[in-house]
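The listed protein sequences derive, respectively, from chains H and L.
First residue of the first sequence: 145, per the working numbering; consecutive thereafter.
First residue of the second sequence: 404, per the working numbering; consecutive thereafter.
No wet-lab data here; the hints were simulated from the structure.
It is possible that part of the hints are untrue.
Partial selection, computed: residues in chain H whose CB lies under 8 Å from chain L [what the hints assert, rightly or not]: (1) Y176; (2) S179; (3) W278; (4) V377; (5) K539; (6) L719.
Yeah, the Cβ is synthetic: ideal placement off N, Cα and C, and Gly gets one too.
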Amino acid sequence: MSVEKPVVSLADLCSRYEGLLVPDERQGFEGYLISPDHLISFCRSLRDDVGYDYLSSVTGVDNFPAEQMEVVYHFYRTTGGPSFNLKLQVSRHNPVVPSLVPLYPGADFQEREAWDLLGIRFEGHPDLRRIMMWEGFEGFPLRKDWREPFFEDEAKPFKSRWPDGQVIRSEDQNPYKNNVRYPNDFDPEQWTPVGDDALYKGMLNLSQNIQSEFKTDQIVVNLGPQHPSTHGVFRMVVVLEGETVLSLKPVMGYLHRNHEKIGERNTFLQNMPFTDRLDYISSMSNNFGYALAVEKLMGIRPPERAEYIRVMMAELTRFLNHIFSIGFLLNDLGAFFTPALYAIEERELILDVFEAVSGSRMMCNYFRFGGVARDLPDGVLEKIKELVNDRLPRKLEEFERYLTKNDLVRIRCEGVGVLSPEEAIALSAAGPILRASGVPYDVRRADPYSIYDRFDFDVAYGLHGDIYDRYLVRVEEMRQSLRILKQVVRDIPEGPIMSGKPQYQARVPPGEAYGRVEGPKGELGFYVVSNGKPNPWRYHVRAPSFINLTSLATMAKNQKIADVVAILGSIDIVLGEVDR
Amino acid sequence: MMDEDRLSREEFSIPVELQRQVAIATLDKIYNWSRRNSLWPMMFGLACCAIEMIGAAAGRYDFSRFGTEVMRPSPRQADVMIVSGTVTKKMIPTIVRLYNQMGEPKYVIAMGACASGGGPFKEGYNVVPGVDRFVPVDVYIPGCPPTPQALLYGLIALQKKIDTESIKTARWYKKEPSVPIPIPVLGPDLIDPRDLSAIKERSQKKSQEEPEAATGDEEGIVHVS
Ligand code: SF4
Numbered sequence: 145m146s147v148e149k150p151v152v153s154l155a156d157l158c159s160r161y162e163g164l165l166v167p168d169e170r171q172g173f174e175g176y177l178i179s180p181d182h183l184i185s186f187c188r189s190l191r192d193d194v195g196y197d198y199l200s201s202v203t204g205v206d207n208f209p210a211e212q213m214e215v216v217y218h219f220y221r222t223t224g225g226p227s228f229n230l231k232l233q234v235s236r237h238n239p240v241v242p243s244l245v246p247l248y249p250g251a252d253f254q255e256r257e258a259w260d261l262l263g264i265r266f267e268g269h270p271d272l273r274r275i276m277m278w279e280g281f282e283g284f285p286l287r288k289d290w291r292e293p294f295f296e297d298e299a300k301p302f303k304s305r306w307p308d309g310q311v312i313r314s315e316d317q318n319p320y321k322n323n324v325r326y327p328n329d330f331d332p333e334q335w336t337p338v339g340d341d342a343l344y345k346g347m348l349n350l351s352q353n354i355q356s357e358f359k360t361d362q363i364v365v366n367l368g369p370q371h372p373s374t375h376g377v378f379r380m381v382v383v384l385e386g387e388t389v390l391s392l393k394p395v396m397g398y399l400h401r402n403h404e405k406i407g408e409r410n411t412f413l414q415n416m417p418f419t420d421r422l423d424y425i426s427s428m429s430n431n432f433g434y435a436l437a438v439e440k441l442m443g444i445r446p447p448e449r450a451e452y453i454r455v456m457m458a459e460l461t462r463f464l465n466h467i468f469s470i471g472f473l474l475n476d477l478g479a480f481f482t483p484a485l486y487a488i489e490e491r492e493l494i495l496d497v498f499e500a501v502s503g504s505r506m507m508c509n510y511f512r513f514g515g516v517a518r519d520l521p522d523g524v525l526e527k528i529k530e531l532v533n534d535r536l537p538r539k540l541e542e543f544e545r546y547l548t549k550n551d552l553v554r555i556r557c558e559g560v561g562v563l564s565p566e567e568a569i570a571l572s573a574a575g576p577i578l579r580a581s582g583v584p585y586d587v588r589r590a591d592p593y594s595i596y597d598r599f600d601f602d603v604a605y606g607l608h609g610d611i612y613d614r615y616l617v618r619v620e621e622m623r624q625s626l627r628i629l630k631q632v633v634r635d636i637p638e639g640p641i642m643s644g645k646p647q648y649q650a651r652v653p654p655g656e657a658y659g660r661v662e663g664p665k666g667e668l669g670f671y672v673v674s675n676g677k678p679n680p681w682r683y684h685v686r687a688p689s690f691i692n693l694t695s696l697a698t699m700a701k702n703q704k705i706a707d708v709v710a711i712l713g714s715i716d717i718v719l720g721e722v723d724r
Numbered sequence: 404m405m406d407e408d409r410l411s412r413e414e415f416s417i418p419v420e421l422q423r424q425v426a427i428a429t430l431d432k433i434y435n436w437s438r439r440n441s442l443w444p445m446m447f448g449l450a451c452c453a454i455e456m457i458g459a460a461a462g463r464y465d466f467s468r469f470g471t472e473v474m475r476p477s478p479r480q481a482d483v484m485i486v487s488g489t490v491t492k493k494m495i496p497t498i499v500r501l502y503n504q505m506g507e508p509k510y511v512i513a514m515g516a517c518a519s520g521g522g523p524f525k526e527g528y529n530v531v532p533g534v535d536r537f538v539p540v541d542v543y544i545p546g547c548p549p550t551p552q553a554l555l556y557g558l559i560a561l562q563k564k565i566d567t568e569s570i571k572t573a574r575w576y577k578k579e580p581s582v583p584i585p586i587p588v589l590g591p592d593l594i595d596p597r598d599l600s601a602i603k604e605r606s607q608k609k610s611q612e613e614p615e616a617a618t619g620d621e622e623g624i625v626h627v628s
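If we strip away everything but chain L, and leave its shape as in the complex, we get (with noise of 0.2 Å):
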């Protein structure tokens, strides 16, 4: 972690039997550097960019390298979430869920154009545009699907990341309790509950501005036969 000459600096008093074996660091340091080499991901995959992400972890890229070998079935064990895939309304209340019971830290990747703002199916009636809608994201990684490679990138960027953290800011060292993500709701289309008044004011103004219920325009449609 430190360099040989770093060891043991003039300006602490270390006793003459103990220099060069006794490292110096702040407290900052040590907790980030263990916690950036143990980050366990969580096994959940959602769709192709899955696929990568298991490449990832197999022979040829193997993230256990970076310290992410251990990939966690259960959201209480893990550190970080790689949302690998598309991130549809049907899907969401059960991604937020899980978000909420991991525990601090706990850290989201955005792996693939689909997590990141909806990719290729962002225009699909059942798709989330974008898993930030809902749940913090640390690392947003760009590919459709990103290579094995991207994803180490990605995690990288994470590990930077967590070197930049102090434990005197950490949210999770506040005193008031973490406050859970509310989990949405299937209704005729999607709700976020954080949103209710809002949805209920649009959909009225909807409603006068077009007393009718939209339908599609005739023209432009011809009939098959």
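The shape of chain H in the complex, shown without the other chains (with noise of 0.2 Å):
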């Protein structure tokens, strides 16, 4: 872990870098711009001499009508403490930035986004193919003059259906009577589709040099879409050599529903019930992440009573999501469905409380900017405190029981898809997979929000990074989650669950915010930017489980196919997230 004592003060690299990096100096925004020129050796240094060692995001933000594309980075350090935050803008016509895959090997994945979504191009990048969406898909559905096929207007709410209430078929209003679009004097019958060859292609002359004393094959096989151990539609090209993985290759966006481009046309509410199907597991979490950042562009803070209400849901979710991601990683290593019975029995009984509170299991809605959407109902807390103060914790042991020590488990576990620290900070591994890596970040320590910083816990961390720490980092975080909510059922006031009165229309000045919490899957970030008006500007989602995969492929290397499936299912994806 680099944990050395940084060479160079902040204030020093930026001083040296005087008249090349330029404070932004909009409303409501912070951070530096720099010019693409010096981005690679200024990052250099900021990694090296500085400490920030941590990429946490990468994206872009289309300022059309002005004729420029900005690229905005969100850096840490893996030792705690706020962002620094780097832009670069370029024109719009042909935007190319510097890829920073070579200094940080985490951007690769959003930078293959922000091409795909923007049509921003990362010179130097390895493998800069569309991510999202298919190759020869026609157009960058992210900039602002990009509209899809139902397009009815700019924002929402449109002025067909409000006041007015009229309905509008979209399908009436498309010339193909369906969501598509096509270019002009398109001639479906001359098309051919552009297939995976060249992606086949690439990853066997990648691993084409490997001396053995037998003459072997290597062959190229698919996982997925459809497969039982991808949780969900995801699809995995591997390169095989007998059973051992030579290279393997993520592919997504099967279940890409535009979430940042209908979030961009939604009024800031509107937004709110979109977070819940990111990750359709922990949805209260992406609503907290959400109104943090909201509330941090409007500036202000909810009520005690809301903040414990908010702090309480968190961690049930917490718990919610790792006794489930155990049951179905129990999935991928052969106990089919037993374990995740047990892990559903507790589960349902936290998706009793969500609907309780919020009137739906899953899909909560629950968080308002300032606040939460209702109070507890009447026993709510009673059953809460039932439940952390003795049928989780119980159920907890029953659970450690049967598998920690249980000799299967460790077997297939143990000195499994090894991520070393460094390669875990390298890649932005986040969450449980960092923690596993042994680097204790956990942003309620490192960045505290939110009221975290009145309770005790320890961030749980592991020392040898393979599928076994990652079990036990989440055993030992849902034991930390009872603790918090220990103290929180304890400590709860009573009082308003709202500050101010509750609004249809959230007022939200102009400006940038990136609120980030620590959902159970990783750091989840929202990036927002307003510009006075109803809708956010840009709104882009930090989703830790699709940047946390591209880890996927290091930890993958050299591993047996069967083992591949459990290397899955201990990162801990949903979907929904992923692809968003």
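Mind assembling these two chains? They're in different frames, but the hints should get you there.
Here's what the structure looks like:
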């Protein structure tokens, strides 16, 4: 782990780049602007000399109608502290920026995403292909002048629907009577789809020079997109030599639901229910992150009781997510469904709590800017107390008794899918993956938000970075969540649950904000840019399970094919969040 | 299956020693009864709704009480495809292929708002507004996500539908082979092979109407700074 003292302070580095690095002085914005020519050398010093070793998020902003595209980077130190924001402005016609993959390999998928959706070309990226859409798709959907086939208006609420309440069927508005659009004079009979041959070929070439006594053939195998081990619609292309994986590439986008495009048409509050559908197993945590980002922009804080309720819901969610993911990890190890049944039993009890407070089991839509939607109904607090003081600790012990010392679990998990701490940081892994590799980085501690600074809890971390340590970290985190929950139910005050009056239309001043929480899967960040209108100008999600997948190839290299299934299970992905 | 008093009815002459032990029913009834109680779903989850499908399979709701317990990862062994989640353009070729690979008799349940009609994501550029644009759907289940109870209700509705079928008219006993659904192609946008000529015609008409490619109108958008 790199915890050496920074050689240079940030201020020193910035003054060294005097004139090349300009503070972003737009109202409500922070960070620095740099020109593309100096990006690489600056980032190298930033990483090596100042210790900003973790590139959390890379994304783009389209400043249409200005002829300008912006690339936004968020850096952190894994030793804790606030972020450093760096921005690049390039021409919109041909946006080219140097790729940061050589310095921060964790930028890999994020840069591909920015290329796919915004058309920003990253020079020096080893594999700049589309990631969410397919090769051959027309246009860059997140550009502001790109319109989806069912386009109705720039921003919601659509005039047709509100206040008059008419219904317009989008199909009737579209020339093809369907959710499609083709270039003018398009002849579908002449079209040859861009297949995956290039991908396969590239992968085979990569792994060609292996010396062996025997003449063996390498074969390409596709796992997914419909495969029971992939936890949804996800595909892994692996090159095999015998049963050993030589290289692996994830292919995703099968659940790309255009979260960000829809989010930029929605009003701020309309996005809240959409965040539920990101990581649909832990919707409350997603609400939390988005509420924090917008509250930062609005400059408000929720009242005490609401803060406690929020933490309570977020920690229940963490427990739920971890127990569910361990159940399904066991599925992947071959213990089909029985451990998952134990997990789901506890999950149902927590879902009952969610249903009581929010009205829905899974899609809670419970947080509001400046509070939560409604107070706890009668009897729910007692139920939660019973859960956190009695039922859940007991069941967690039981779960552990069956699994932790189980020989089969240990044989399958120990030493498999190892990720070293250096690799984990470089690949921008987050959450239990990062911590299991021995980097005790937890946003709740490193950059505390809400009221987490008031609670006693330990950051769980592992030493080996293998599947087994990831399992142990999750178990320990559940225990710590229960510890936090016990303090919450003890201390929760009475009082209002909303600051100010509830509003349908949040008034959000211009500016940018990055709200991040330690979600169950890792650092979940929302980057929101407002221009003072009722709709966000840019709305980007730093999705932990998407970025954690960057390290899958490293973990899977030279492992057996059957173990790859378990490794994927140990990353704990949810496709709604990976593809968004 | 049948009430006691309907066993061994008068109009059929059943030997005395077999009375109250032999049941008489139509062939259709037996045939449907055995099929409706062993609906094997394909193990195939798309999005959020799949989590509720797992919930319905687990202890509390337990849809195996209705004969649905065996989830099959292979389409060849499955009877019903529960489309549990948002269908995207990138995924629809696979879904159609899986549907084609399922053996008859086969049924489709569209679980949730997304599979039924696009749901909250309908306006998205990568979303198919309802799986029924490509595969025939037998039961639609509303909800986002439908609760496990709603899924159970949907399965019961499918069982009722099966009860009304007859061997004489079933499509899988027809002489002519069943025609597979053409698999959509990923082009500049999703191409439905059944629509080729219409697409060609309309895209030419469109280019006559608006020779310039449509671009965003500038009004209403204000630069951030
Ligand atoms: S209907 Fe709702 S819950 Fe189901 S897949 Fe669609 S968004 Fe998810």
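Hint numbers the structure violates, sorted upward? Checked against the structure, the hints that fail are numbers 1, 2 and 5, while the rest are satisfied.
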